[in-house]
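Protein chains in written order, with the working numbering: chain A, 4 to 341; chain B, 111 to 454.
Source of the hints: derived by calculation from the structure; they are not laboratory data.
Some clues are possibly wrong.
Stated by the list, open to error - In silico lysine-lysine, PhoX-like type, Cα no more than 20 Å apart, as pairs:
1) A:K298 to A:K339
2) B:K373 to B:K128
3) B:K134 to A:K74
4) A:K62 to A:K138
5) A:K179 to B:K373
6) A:K17 to B:K134
Here is how the chains run, residue by residue.
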Amino acid sequence: MKVQGTYYFSNSSKTCSAEIEIIGKHIKVLTSDGDLVLETERSFVKISLSIPGLPDSLKFSDGSSFVPSEKSVRWPSDSLLSRIAERLMNNLTALIIILVSTPLLIWFLMFTVIPNIAESTAELIPQAPKSLLSKGLMEHLEENFFLSSEIDSKKIETIETLFYETLDDLGLDRKKYLLLFYKSDYLGANALALPDGTIILTDGMIEKLISYPDSLLSVLLHEVGHIENNHSIRLIIQSLGVGIIFTYLVGDIQGLAEIVSGSGIGLLQSSFSREMEIEADRFSVVSLDKINIPKERFIFAMETIDSDGDEPGSNSLLVKYLSTHPHTEERIQLVKDL
Amino acid sequence: MVVLLINELDTRMADLKKTEFEGKTEEYFRIWIVNLFLSIITLGIYSPWAKVVNTKYLYQNLSIEGHRFDYIAEPIQILKGRIIAVFLLILVAVLSAYFPAVYMVSLIILFLLFPWILNRSLSFQLRMTTYRNVSFDFKGDYGNSFWYFLFLPFLSIFTLYLALPAVLRRASEYQINKTKFGNRYFKSSLLSSEYYVAFFTLMGYLLGVGIVIGILTMVTSANFPVLSVLFLVVGYILIIALSASVWGTIIRNHTFNNSSIPKVASFQSTMEIKPYTGIVFTNVLALVFSLGLAYPWVAIRNMKYLSSTLEVQTEEDIDAVINTIKEENSAVLDEVAGAFDIEI
């Protein structure tokens, strides 16, 4: 086998046109005048990765190299990986399958693989970091959004008793939970769950539902659902995972990354949390059922909270993460269907 | 005297050779989509191979005087670097969950390490780039990189960014003068005035587009709301395109035309604002509407335009450049810095 090309000397920019001769495992490089430049064995030569439209170049052990002039030159190679990839790149059927399945695979990765990994790792996270995280969040909330509650202490005591006794009835550990009360103009009628088991009720929420204890309880159980399912930790792990994937997996293959890094991730996040709202709703309905409260009380709560468009502040990302989300109609329908 | 000068110009022009780019959209698309697919089904393990093959395709299709450029990074080293970088990221995330102070400390460490990471990363990219079997390199040091890439840009904030063009001029001069091809340093002397020209030209274009779009939007908003939204979107994309193309054209021409590798090569770049703005504008549109699938088309036509406007004159020593990069396995730290993938 004889191949024409250019020989690049080792350690310098010197070049010459040359011919390569392969006889068995023996390789010879000759100048165009027929002078011998290099003689070596096949096993000392490194063949470059095969790329469509480009010749395979050879790298010799002294650092010199040879690039064929013909683009279609392929050496007998043992690199299976490089061969498989090139075969895919040249096969029309494979390309069509790949073109169709790649977007689906990205979708699957984002919405199934990463959430599942996040779910199973979130369960391994011990209490200590959750408490620390919650402490930080609590400081931020107290500083920016919370005032002392103005609800009278008797009502608060009633709600506390109701809540903790329900936890006992459901077989949940009441020591894990802490119910707190704040007034917040910014958050309106709202309830928040922090990763360590702290649940916050705003005065606005209590005023709306104080005459309907079962409905108030259903809202609290929704927040318990967030905590039992480790939702905030899962969100954090998911965004970390999405970040890593888009930096390294798609990052090289720009284009996609440029689009996703903008609005895309926000979209993913809101969709992730949408799933979580629904999961927390289901937890609430199932728990209510255990203590013989019909799910209509929960539906009533959602309708009441939503009634005067009192949506939680949408400006703060943090608040968005923690608060009850505003796609109420869809959620009500899903709860009805349960 | 004049005749002599003209003669010299003539021979100089005759020696200029276009950089050639032979990449094809259809070919690159096949390579790119297969690489993306393999990266996903291997959960990212294949991604270093994807990066190397994609980059090799673009580099090897670029040639001067019939000699192809090459990208010689070893995928397995990039993989190691990435694994370490991801491990560090997770370690910091976990530790900061337990000790919030760790997060602050790692931010400070990252800030202090930034010039070093930048040096390593620039050096890595260049060392992996070869022409005629000789590697490029970047020999920046911590102090100067800190000064030019961090401190001066930071100071320019206090001049309401008015000093920024001058700062950027110094930074690119520093970067080019510390760049090597084999054992030869690039030599560059740039003018701040040209950076100000670029700055004010860009401002002029943006202002003009802003006013036109503003008027069009206002006029149509009452009766044709759909049309006015369309104007806004087009205006927004046009502003993105102009920011890249106006600055890119003027600065790239200026830096290439005033940089050389003494006795080895000099350059002439003849980009023009109008065609390049058209290219960038349609690139952004294509990327958005194809959800990224148009990337190979975008990359190829960019390379085609950039190479068609760049000419190189090689000189007597082009054959005598000594490669100073030994093919050693670069250290783990280098790989990690490379994994941060910072590009200027």
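Comparing the hints with the structure gives:
A C-alpha spacing of about 8 Å is found between K298 of chain A and K339 of chain A, which places the hinted pair at or below 20 Å, so the restraint holds. For a cut-off of 20 Å, the pair hint linking K373 of chain B to K128 of chain B stands: about 19 Å separates their Cα positions. The suggested pairing of K134 of chain B with K74 of chain A holds, with an alpha-carbon distance near 13 Å, which does not exceed 20 Å. Only pairs whose Cα atoms come within 20 Å are accepted, and K62 of chain A paired with K138 of chain A is rejected, the gap being roughly 59 Å.
Of the pairs offered as hints, the one joining K179 of chain A and K373 of chain B is violated, with about 75 Å between alpha carbons and a cut-off of 20 Å exceeded. Proximity of K17 of chain A to K134 of chain B is assessed by CA-CA distance (about 29 Å); at most 20 Å being required, the pair is judged violated.
When the structure is compared with the earlier hints, violations turn up for hints 4, 5 and 6 and for no others.
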